[in-house]
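S.K.: Respectively, the protein sequence lines represent chains H and L. Here the numbering used here is used: position 206 in the first sequence is 206, and no number is missing along the way. Here the numbering used here is used: position 29 in the second sequence is 1029, and no number is missing along the way.
Because the hints were derived from the structure by calculation, they are not lab data. Just so you know, even glycine gets a beta-carbon here, dropped at the ideal spot from N, CA and C. Some hints here could point you the wrong way.
[What the hints assert, rightly or not] Calculated pairs, SDA-like style, for lysine to any residue (alpha carbon to alpha carbon, straight line, at most 20 Å):
(1) L:K1573 / H:E118
(2) H:K121 / L:W1077
(3) H:K324 / L:W1077
(4) H:K295 / H:D274
(5) H:K68 / H:M281
(6) H:K121 / L:G1575
(7) L:K1533 / L:N1584
(8) H:K88 / H:T267
(9) H:K180 / H:Q216
(10) H:K324 / L:R1566
(11) L:K1573 / H:D128
(12) H:K342 / H:G185
(13) L:K1532 / H:I300
(14) L:K1076 / L:P1066
(15) L:K1532 / H:T36
(16) H:K324 / L:L1074
(17) H:K290 / H:E308
(18) H:K357 / H:E118
[What the hints assert, rightly or not] Distance windows between CB atoms, simulated:
(19) H:E294 / L:E1267: 41 to 49 Å
(20) H:S211 / L:F1253: 29 to 37 Å
(21) H:E118 / L:Y1576: 49 to 57 Å
(22) L:I1148 / H:K342: 39 to 47 Å
(23) H:E118 / L:I1148: 49 to 57 Å
In case you want the letters, here they are:
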Amino acid sequence: MTALLTILVLVFITIAIWQMIKIFDLSQAKNKSNDTGVATDKDNSINGYLMMGFLAFIYIITIVSFVKWGDLPLMSNSASAHGPGIDKLMIVSMVLIFTVQTLTQFLLHYYAFKYRGEKGKKAVFFSDSAKLEFIWTAIPVVTLAGLILWGLFSWTNIMNVEETDDTIVIELYAQQFNWKARYAGEDNTLGQANVRLINLDNANILGLDESDPNAQDDIITTELHLPVGRPVLFKMRSQDVLHSAYMPHFRAQMNCVPGMITQFGFTPTVTTEDMRQNPDMIDKVQRINKIRTEKSKDLIAKGEEGLERYEFDYLLLCNKICGKSHYNMQMKIVVESEEDYKAWLSTQKLFKDSLVKN
Amino acid sequence: MSAHAETHDHDDHGHHHKETFVTKYIFSQDHKMIAKQYLITGTIMGVIGVLMSMMFRLQIAWPEEPNVLFEALLGKWAPDGVMDADIYLALVTIHGTIMVFFVLTAGLSGTFSNLLIPLQIGARDMASGFLNMVSYWLFFLSSVIMIISLFVEAGPAAAGWTIYPPLSALPLAQGGSGMGMTLWLVSMAIFIASSLLGSLNYVVTVLNLRTKGMSMTRLPLTIWAFFVTAIIGVVSFPVLLSAALLLIMDRSFGTSFFLSDIFIQGEVLHYQGGSPVLFEHLFWFLGHPEVYIVILPAMGLVSEIMATNSRKPIFGYRAMILSILAIAFLSTIVWGHHMFISGMNPFLGSVFTFTTLLIAIPSAVKAFNWITTLWKGNLQMNPAMLFSIGFVSTFISGGLTGIILGDSALDINVHDTYFVVAHFHLVMGISALYGMFAGIYHWYPKMFGRMLNKNLGYIHFWITAICAYGVFFPMHFIGMAGLPRRYYTNSNFPLFDDLSNVNVIITMFALVGGVVQIIYLWNFFYSIFYGKKAEQNPWRATTLEWTTPVKHIHGNWEGDIPHVYRWAYDYSKPGYDVDFVPQNVPFKEGEEELHH
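Could you build the full structure based on these sequences and the hints that come with them?
M.R.: Here it is, written out as structure tokens:
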């Protein structure tokens, strides 16, 4: 039945096109003899005007996109210490890009319109100009030199994390298709681990070295809690395939690679609670909940369950294709005060207590 | 050298061999026929690739909704018409592979390098007609294997077109990494062999078989682009071949080049000491030059078509050559910008940021030169010209966002989001496709002796142009909102719920844009048989291919190969009544070269 429908649709499309071509042929019947398939003055003129129309289309789609989707809480309101630096560089780059875009698209389409061909007109023989080439080589060189330097300084600052006494080291552990976090515990040192030591029988799921004294007080969790204002250094591992720990609100991302430990560090600056009170975020959450309410109505009408109300939470997403359920590999991140963080951590099981004794 | 070759050729072609159907249409060694074979195979692959993109766009816009199309085309992979998550990833993977390699490398470069190199440099054929034929048939074989891989039991390759191990190496990690991935690798290995044979042939032909007077600085920019593209291909494709071979070793023979310390489905695997990051380096050592292998030929075609249809010399001929060379050189030392957050040393990231952003300079030079070529021209708005202008437009729009992605600090937050998808589709996907369409509309009369219907060409261009921006412009914004690519559905993230309407808009544009290509296909196949007969030089162009007879003959020219006396861009030259002077016309007395 469905195959039949598909075939029918294809047949109709074919007929439609056949009809369109017939109409075109008929409309040109009278001057068929001198139509050589090459553009005439009329074609030049029509397409010249369409070029200006298209320029307007590009400008409109730019404006619409910015007005409707440009107010992105993810583009502003970063929640880490290095975030505002990235956002500032991003905005400067964007302003630059859109200035260049607006100007060059104008020149391109305007020239296409202005110099549309006419019989008997002759183009100007203008083959080269060292001066012009110099200008449009030099301007990008200077601009890019600025951008490169700025970018490199930010990059170096972000990536070169110095571990101090204040730094909390947390392991992020990726597997198909979930995330775990491992805290170092009282001794502030993560125990040795390797996937070869994984023992599912006694619930040593991350492959910690059970004989390592540093491993005993490690804490494995399925939610990531971070105290606000303390530098965090993530040590990342993966047990099976590549994953990528993407924490967009913190402007942070690093791949998790089987066989090696990668790292990324940042300092969270805004608690989950404070971010929920942020006016931009309140707007966004309201917008989302409006959409969810609409969808729920449809679902309930169909006899299914409605959607839960959305409440803002920081998230860790997997951002490197990792298999079938890649699209649902996430972990909640909670940024809270030092006291709340400590209180939460003290309710979690230590590694040595989490092992199943035989 | 040239003079000698010429007399030799002349003798050779005095008496023609009798051609059978098989030697003329199937195992042909004639470059013009091989070009057509490349084009038609590329077109068929393109239809498959575009159809796949329309299917996964439907899934993204209306996740997990049953669709008759899925049921009809995907069979067991769409139980009750709902697309399966594994096949979604497979569609994305094969779409990327087909479009990048089979359509925009073989279909674009294979078609036009073969067609234009001998015709525009004044040669009877490629340096080796036999290797050329082998190159096409290897490409055909690899296409067939890629198509066969779609039908294996556990599904086609689904690890993304970049096939990063361990996902691509372990059938335990993903169904598609079994037989599907084996066939993918075999197909690509054959493809690379085909590409290398083709590239070597192009390089040798350009260097050795130019007609008398055709110095390197009189070559049309098309030839420069094909020549440099072939060199990049020869330099970088073997590295991908080595990556593919090592991956085959890891998969089938137990080596550990890319794998180490893996625990999957309850067991520890034996692999020890390898690194997936090594694979990423090898892959992108080709993978990045590959985007220039795709875009440079399109740039060459566009330069040529713009000059012809502006009735003006291309602006800054030497600057154009220099920028092609600069882009080619830089393209081989920027691959690390795909790997800023792969776990490689951050200092290496700094180096790659520097080299990457440098590419913006020759790119800007090219864009400004194209725009200046239009200035004070007498623009003939043929469909080929529209696609060329469209090319410059999408190349600028897409290229500019490269400044963000190439900057390692900014890349952290947009890496692998839809921002990247929007960027590369505009700058090398749509642009290269426009370049290819421009080339087809322009050289169709040369290939088939008939004209394409121009009105259908206009409809094709304008609807495609609007849809291309409609799809990829809004896509930047969902990327900046943090939406990762290659997600089967976003419904597990309420965070992205307000973007679902954007995805519906994008899909609408994508569907219309895809269906509209039927107009082009119709025009293409209908005109082969019923199009208007073409004149010898319908666009009044200066280059040598238009001095050959409309009807194809083996050896290209009856009688002697024409000599060349001037560059390829004497359009509207002062002192002439006509607005073009072909390359084979000698200088008049007192005439001077007016360009540098």
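S.K.: All hints, please: hold or fail.
M.R.: Here's how the hints hold up against the structure:
no.: 1; hint: L:K1573 / H:E118; result: holds (17 Å)
no.: 2; hint: H:K121 / L:W1077; result: violated (60 Å)
no.: 3; hint: H:K324 / L:W1077; result: holds (13 Å)
no.: 4; hint: H:K295 / H:D274; result: violated (28 Å)
no.: 5; hint: H:K68 / H:M281; result: holds (16 Å)
no.: 6; hint: H:K121 / L:G1575; result: holds (15 Å)
no.: 7; hint: L:K1533 / L:N1584; result: violated (25 Å)
no.: 8; hint: H:K88 / H:T267; result: holds (18 Å)
no.: 9; hint: H:K180 / H:Q216; result: holds (17 Å)
no.: 10; hint: H:K324 / L:R1566; result: violated (60 Å)
no.: 11; hint: L:K1573 / H:D128; result: holds (14 Å)
no.: 12; hint: H:K342 / H:G185; result: holds (11 Å)
no.: 13; hint: L:K1532 / H:I300; result: violated (60 Å)
no.: 14; hint: L:K1076 / L:P1066; result: holds (13 Å)
no.: 15; hint: L:K1532 / H:T36; result: holds (7 Å)
no.: 16; hint: H:K324 / L:L1074; result: holds (17 Å)
no.: 17; hint: H:K290 / H:E308; result: holds (12 Å)
no.: 18; hint: H:K357 / H:E118; result: violated (90 Å)
no.: 19; hint: H:E294 / L:E1267: 41 to 49 Å; result: holds (47 Å)
no.: 20; hint: H:S211 / L:F1253: 29 to 37 Å; result: holds (35 Å)
no.: 21; hint: H:E118 / L:Y1576: 49 to 57 Å; result: violated (19 Å)
no.: 22; hint: L:I1148 / H:K342: 39 to 47 Å; result: violated (60 Å)
no.: 23; hint: H:E118 / L:I1148: 49 to 57 Å; result: holds (54 Å)
Checked against the numbered hints given earlier, the structure breaks hints 2, 4, 7, 10, 13, 18, 21 and 22 and satisfies all the rest.
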